[in-house]
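As you go down the protein sequences, you meet chains D and Z in turn.
Taking our numbering, the leading residue of the first sequence gets 1, the next gets one more, and so forth.
Taking our numbering, the leading residue of the second sequence gets 1, the next gets one more, and so forth.
One should not assume that every hint holds.
Said to hold, decoys possible - The following label-pair restraints were derived from C-beta to C-beta distances:
id	chain 1	residue 1	chain 2	residue 2	range
1	D	A190	Z	G81	48 to 58 Å
2	Z	K57	D	E22	49 to 59 Å
3	D	P31	Z	L40	52 to 62 Å
4	Z	K83	D	E118	33 to 43 Å
5	Z	R37	D	A11	54 to 64 Å
6	D	L150	Z	A42	30 to 40 Å
To be verified - Taking lysine to aspartate or glutamate and the EDC-like style, the derived pairs with C-alpha atoms no more than 20 Å apart in a straight line are:
id	chain 1	residue 1	chain 2	residue 2
7	Z	K204	D	D102
8	D	K166	Z	E113
9	Z	K141	D	D80
10	Z	K191	Z	E175
11	Z	K12	D	D110
12	Z	K12	D	E111
13	Z	K191	D	D109
14	D	K50	D	D110
15	Z	K12	D	E118
16	Z	K141	D	D90
17	Z	K141	D	D86
18	Z	K83	Z	E170
19	Z	K191	D	E167
20	Z	K114	D	E143
21	Z	K83	Z	D95
22	Z	K33	Z	E15
23	Z	K12	D	E167
24	Z	K12	D	D102
25	Z	K141	D	D89
26	Z	K189	D	D90
27	Z	K12	Z	E103
28	Z	K83	Z	E176
29	Z	K189	Z	E170
30	Z	K191	D	D67
31	Z	K33	Z	D44
32	Z	K12	D	D109
33	Z	K189	D	D89
34	Z	K114	D	E167
35	Z	K204	Z	E103
36	D	K153	D	D89
37	Z	K189	D	D86
38	Z	K75	Z	E103
Since the hints were made in silico from the structure, they are not lab data.
Note that the Cβ used here is the ideal one computed from N, Cα and C, for glycine as well.
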Amino acid sequence: MRGVAYIAYGANALKEARLSIESLKMHNNLPVVMIGDTPGCHVHMTIRDKGGRWAKVNLDNLVPFDDVLYIDADTRIYGDLSAGFDVLDDGWDVVITPSTADWLWHVSDDERDATRLEAGRFITQLQGGLFFFNKQRTKRFFELWREEWLRWKGQDQGALLRTLYKEPVRVWSFGKPWNGGTLVAHRFGAAR
Amino acid sequence: MGKVWIRLNCVKNLETRGVVSRAYPGDYIQVDKSRARQWLAAGDCDIPAREMSKVTKDCAVLCLGSPPENIRALKVPVETGDKPRIVDTYTLIWDPILALRLELVPIGFHLLEKWEVAIPMIDYDYLALDAGTLQERQDTKALIRDLRVPLYDPRLVFVRDCPGGRQFVENWNAEEGDRRLALLRAVYKTKPLICALPITWINKA
Numbered sequence: 001m002r003g004v005a006y007i008a009y010g011a012n013a014l015k016e017a018r019l020s021i022e023s024l025k026m027h028n029n030l031p032v033v034m035i036g037d038t039p040g041c042h043v044h045m046t047i048r049d050k051g052g053r054w055a056k057v058n059l060d061n062l063v064p065f066d067d068v069l070y071i072d073a074d075t076r077i078y079g080d081l082s083a084g085f086d087v088l089d090d091g092w093d094v095v096i097t098p099s100t101a102d103w104l105w106h107v108s109d110d111e112r113d114a115t116r117l118e119a120g121r122f123i124t125q126l127q128g129g130l131f132f133f134n135k136q137r138t139k140r141f142f143e144l145w146r147e148e149w150l151r152w153k154g155q156d157q158g159a160l161l162r163t164l165y166k167e168p169v170r171v172w173s174f175g176k177p178w179n180g181g182t183l184v185a186h187r188f189g190a191a192r
Numbered sequence: 001m002g003k004v005w006i007r008l009n010c011v012k013n014l015e016t017r018g019v020v021s022r023a024y025p026g027d028y029i030q031v032d033k034s035r036a037r038q039w040l041a042a043g044d045c046d047i048p049a050r051e052m053s054k055v056t057k058d059c060a061v062l063c064l065g066s067p068p069e070n071i072r073a074l075k076v077p078v079e080t081g082d083k084p085r086i087v088d089t090y091t092l093i094w095d096p097i098l099a100l101r102l103e104l105v106p107i108g109f110h111l112l113e114k115w116e117v118a119i120p121m122i123d124y125d126y127l128a129l130d131a132g133t134l135q136e137r138q139d140t141k142a143l144i145r146d147l148r149v150p151l152y153d154p155r156l157v158f159v160r161d162c163p164g165g166r167q168f169v170e171n172w173n174a175e176e177g178d179r180r181l182a183l184l185r186a187v188y189k190t191k192p193l194i195c196a197l198p199i200t201w202i203n204k205a
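With the rest of the complex left out, here is chain D:
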């Protein structure tokens, strides 16, 4: 079963998520779960960190779907997203877009240095604001992602890179239109 997951903590994030879901529904007929700590959320989870990253690295435990699309709240959807699920059906484990930002600019110096040492800085940085994954085939991956995230409890991208290095999965890359482009617009920071 295919479905979409949002995470929304705080008034701004809730507002953004609702608008994103509205835009999603205009082009896609998919069930949606919203994870958060307010009455309107489908999955209640008390906030554990400022950005809701703990919920993100627990997506595999929180959502009821087999194939999951996670989308940041501050996005707007302008088309059919079914190709991402079709790619999972074809056997890829994760579908995600590369990040073109400076390498881990937003994580702490300690975490950035550790990531350089452990995983190197020579693999492509990934954009964690939108990704598809097959729950069954990424069980171990999510376990490790949680472990890695708990080391600093900050952003999730450094932990994602270290996890990918420790436990590679079959990753298919989508391009910019899928995250921050014409298909999925990303209003970075609007949900904070």
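Place chain Z on chain D using the hints.
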């Protein structure tokens, strides 16, 4: 003066022929022995003997054209050929049209200990929907579902000798037409554990 591979534990500014570049913790670089000894004593680097012995022992380059002289600096066997094939446990399939960043080659081999295939992306903005003929794009879309995806660079492909790697090379050789779309289809068909390398690997900022 002899050089050795080291793995940095801290940031270093390096000067090569008057040009200063910065290397970061975790980077593999070659330095002369006296400098390596200094940095080792200060705890600024390690000599990754186990890792680097692998990348010099079971590695080879398949050059799809005439290899330039400077390729000898890698100290790995270099073969020539006109189509992709696996030469050793870790093979770099390289088209010399692309200027090779020699310092990255051992890192590419090293990544093959984790992944079956490692290939740089060509660009983050030039996508599959921009390449090939209309017919090629239609055929590719029928397979890969959506053309709004980055392309991999067929001029620099690291591949491990394993079932996934061998299948990938077989599928790659079976594809025709635009080289970039052909490679993309081969990757999609094989679904190897692929490490997407950033565009800096092909000299793009």
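### Query
Going back to the hint list, which numbers does this structure go against?
The structure conflicts with hints 13, 23, 36, although it agrees with all the remaining ones.
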